[in-house]
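Peer 1: Line order of the protein sequences matches chains A and B. The numbering used here puts the first residue of the first sequence at 5, with every later residue one more than the last. The numbering used here puts the first residue of the second sequence at 5, with every later residue one more than the last.
Any given hint might turn out to be false.
[Claimed, not checked] A short, non-exhaustive set of chain A residues, derived as facing chain B with CB atoms under 8 Å:
| hint | residue |
| --- | --- |
| 1 | Q6 |
| 2 | Y7 |
| 3 | P31 |
| 4 | G91 |
| 5 | G174 |
| 6 | I175 |
These aren't lab readings, by the way, just hints derived from the structure by calculation. Cβ coordinates follow ideal geometry from the N, Cα and C atoms, glycine included.
Number of protein chains: 2
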Amino acid sequence: MQYNLTQAIHVLERTPAVLRTYLYDLPTEWTSPNEGPDTWSPFDIIGHLIHGEQEDWLKRTNLILSDNEDKTFEPFDRFAQFELSKGKTINELLDKFEALRIENLRQLKELNLSEEQLQLKGRHPALGDVTLKELLSCWVVHDLGHISQISRVMAKQYKAEVGPWIQFLGILR
Amino acid sequence: MQYNLTQAIHVLERTPAVLRTYLYDLPTEWTSPNEGPDTWSPFDIIGHLIHGEQEDWLKRTNLILSDNEDKTFEPFDRFAQFELSKGKTINELLDKFEALRIENLRQLKELNLSEEQLQLKGRHPALGDVTLKELLSCWVVHDLGHISQISRVMAKQYKAEVGPWIQFLGILR
Numbered sequence: 005m006q007y008n009l010t011q012a013i014h015v016l017e018r019t020p021a022v023l024r025t026y027l028y029d030l031p032t033e034w035t036s037p038n039e040g041p042d043t044w045s046p047f048d049i050i051g052h053l054i055h056g057e058q059e060d061w062l063k064r065t066n067l068i069l070s071d072n073e074d075k076t077f078e079p080f081d082r083f084a085q086f087e088l089s090k091g092k093t094i095n096e097l098l099d100k101f102e103a104l105r106i107e108n109l110r111q112l113k114e115l116n117l118s119e120e121q122l123q124l125k126g127r128h129p130a131l132g133d134v135t136l137k138e139l140l141s142c143w144v145v146h147d148l149g150h151i152s153q154i155s156r157v158m159a160k161q162y163k164a165e166v167g168p169w170i171q172f173l174g175i176l177r
Numbered sequence: 005m006q007y008n009l010t011q012a013i014h015v016l017e018r019t020p021a022v023l024r025t026y027l028y029d030l031p032t033e034w035t036s037p038n039e040g041p042d043t044w045s046p047f048d049i050i051g052h053l054i055h056g057e058q059e060d061w062l063k064r065t066n067l068i069l070s071d072n073e074d075k076t077f078e079p080f081d082r083f084a085q086f087e088l089s090k091g092k093t094i095n096e097l098l099d100k101f102e103a104l105r106i107e108n109l110r111q112l113k114e115l116n117l118s119e120e121q122l123q124l125k126g127r128h129p130a131l132g133d134v135t136l137k138e139l140l141s142c143w144v145v146h147d148l149g150h151i152s153q154i155s156r157v158m159a160k161q162y163k164a165e166v167g168p169w170i171q172f173l174g175i176l177r
């Protein structure tokens with residue numbers, strides 16, 4: 005399937021509601037545990053998505069479209085959420101993510117990007133040249149990846165509870 | 005985390021709404037593709053979840069709690085949805101799944117299961133003896149596994165679109 009802005013926005017605009025339906029008011033016994041050392045809980049993941057809305061997708065889009073000579077992206081801090089989410093509830097994070105996503109999609113639509121603009125390039129600090137289309141495709145896959153991860157982290161809390169069914173449940177392995 | 009009925013129901017009762025938020029009215033270009041031969045699309049997965057509500061979880065629970073001498077479960081048909089979902093829209097399937105889940109959770113709560121009952125056993129045709137608690141834990145993990153799968157199937161549609169980012173996106177591998 006080829007990237008298409010309208011089709012991508014169908015997914016991007018649902019993510020906050022999907023996460024809200026999944027996690028809002030869910031007891032912390034589901035939202036705080038992770039998968040073990042150096043892994044993320046559902047709470048951590050929402051913080052990471054917030055940071056992406058603030059520092060990644062639209063910022064990099066605007067840099068690619070800008071007149072800047074140097075189009076090298078700022079490195080993205082994958083651990084920023086541990087400080088930024090401190091003292092907050094998951095409900096607060098879900099509200100914040102939704103507000104940021106709505107605003108970012110408003111800005112994205114307003115850009116009214118052409119096929120030519122989607123081919124423009126930025127420079128990723130680790131990956132080298134990337135097109136705007138690749139960045140925007142990555143935004144969609146990144147959402148889906150983290151919804152999948154939240155499901156897996158929650159599922160693993162019952163790893164010891166399913167008995168012999170573990171062999172049929174790929175998500176636990 | 006140890007299985008607990010109230011805590012498990014928190015997840016089970018959200019699943020229809022999570023899937024609705026994710027997939028209701030989503031264009032079929034997202035809901036019909038799968039991951040390749042012998043894999044399932046989001047549409048197929050909702051059909052499979054429907055079949056589970058009809059033939060698996062509550063039926064097996066009731067068999068375990070029954071006075072039957074033979075507590076061997078009927079084998080579950082993992083391919084039934086291909087026939088049963090024919091000609092239906094994903095919206096119809098989502099509505100059907102929600103109605104069945106609401107009714108099954110009503111029945112589950114009404115059983116008012118004790119810790120002793122959760123230790124009762126049934127016989128899985130392939131896995132042998134399993135407890136009611138393991139069956140009910142499996143129900144939760146099964147939901148989460150399929151939400152994760154839906155995310156992965158959708159993400160894979162953009163596998164060729166993300167360019168060099170593929171190496172950072174574990175869900176595409």
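Peer 1: Does the interface hint hold: is P31/A within less than 8 Å of chain B, judged Cβ to Cβ?
Peer 2: Since chain B brings a Cβ to about 6 Å from P31/A, closer than 8 Å, the hint holds.
Peer 1: Was the hint right that Y7/A lines chain B, CB cutoff 8 Å?
Peer 2: 4 Å, holds
Peer 1: Verify the interface restraint on Q6/A: the C-beta must sit less than 8 Å from at least one C-beta of chain B.
Peer 2: This interface hint holds because 7 Å falls under the 8 Å limit.
Peer 1: Double-check G91/A for me: the hint is only fine if its C-beta lies closer than 8 Å to a C-beta in chain B.
Peer 2: 24 Å, violated
Peer 1: Hold the hint about G174/A up to the distance rule: shortest CB distance to chain B must be less than 8 Å.
Peer 2: 7 Å, holds
Peer 1: Given a cut of 8 Å on the nearest C-beta pair, is the interface hint for I175/A held or broken against chain B?
Peer 2: Hint holds; I175/A Cβ to chain B Cβ min 4 Å, cut 8 Å.
When held up to the earlier numbered hints, the structure conflicts with hint 4 and nothing else.
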